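Asker: Listed here are the chains, written in short residue letters.
2 protein chains.
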Amino acid sequence: TVDHSYSLTTGTTSAELLKKLNEQRDIIALMEVKMKEMKNTIRQLRITEARLQEELRERDRMLSASAVVRKKI
Amino acid sequence: TVDHSYSLTTGTTSAELLKKLNEQRDIIALMEVKMKEMKNTIRQLRITEARLQEELRERDRMLSASAVVRKKI
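If you read the protein sequences in the order shown, they are chains A and B.
Following our numbering, the numbering of the first sequence begins with 50 at its first residue and continues without gaps.
Following our numbering, the numbering of the second sequence begins with 50 at its first residue and continues without gaps.
Next comes chain A alone, as it looks inside the complex (with noise of 0.2 Å):
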């Protein structure tokens, strides 16, 4: 396996380093950001997801109602 850590080497200053640690952190302001939209999609999808099958519980309801007003007629 390949260590992918970052390792000090000759010449790295803590200016650079410090550098290197800023822009990580706006990486992961970024991408927090990304996520809490991730989240309110899939929120949202499920909200959809149980309207959809309520109305299709609805829908079967009519039509086994319909079956039985044809089978009286």
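What the hints contain is simulated information worked out from the structure, not anything from laboratory work.
Owing to the predicted nature of the structure, the values given are computational and were not obtained by experimental measurement.
Heads up, a few of these hints could be off.
Going by beta-carbon spacing under 8 Å, a handful of chain A positions derived as facing chain B [stated by the list, open to error]:
1. I96
2. R108
3. V117
4. V118
Where is the CB? At the ideal position from N, CA and C, for every residue including glycine.
We have chain A; now place chain B onto it with these hints.
Answerer: Then chain B, alone, in the frame of chain A:
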């Protein structure tokens, strides 16, 4: 506004910066895995939504046909 940037403070060694850098790298890796999972969930929920919409349309066609039959009777 508060600046959350990391900054050099007295006594912050390169070794400490490096440790933080590797911690952040691990956080980013975990977030990438989580985002991939969420993307798959969203894709799956969209497929389910499309299927339910199609089933609803089918039920509505059946209900229309059923209404026509009753009118003829």
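Asker: Each hint should be assessed against the structure and marked as holding or not.
Answerer: Checked hints:
Taken as an interface hint, I96(A) does not check out: its beta carbon lies about 10 Å from the nearest beta carbon of chain B, beyond 8 Å. The closest approach between the C-beta of R108(A) and any C-beta of chain B is roughly 4 Å, which is under the 8 Å cut-off, so the hint is satisfied. Using the Cβ-Cβ criterion of 8 Å, the hint placing V117(A) at the interface with chain B is not satisfied: the shortest such distance is roughly 11 Å. The restraint placing V118(A) at the interface with chain B holds, with a minimum CB-CB distance near 7 Å, inside the 8 Å limit.
This entry does not satisfy hints 1 and 3, going by the numbered hints stated previously.
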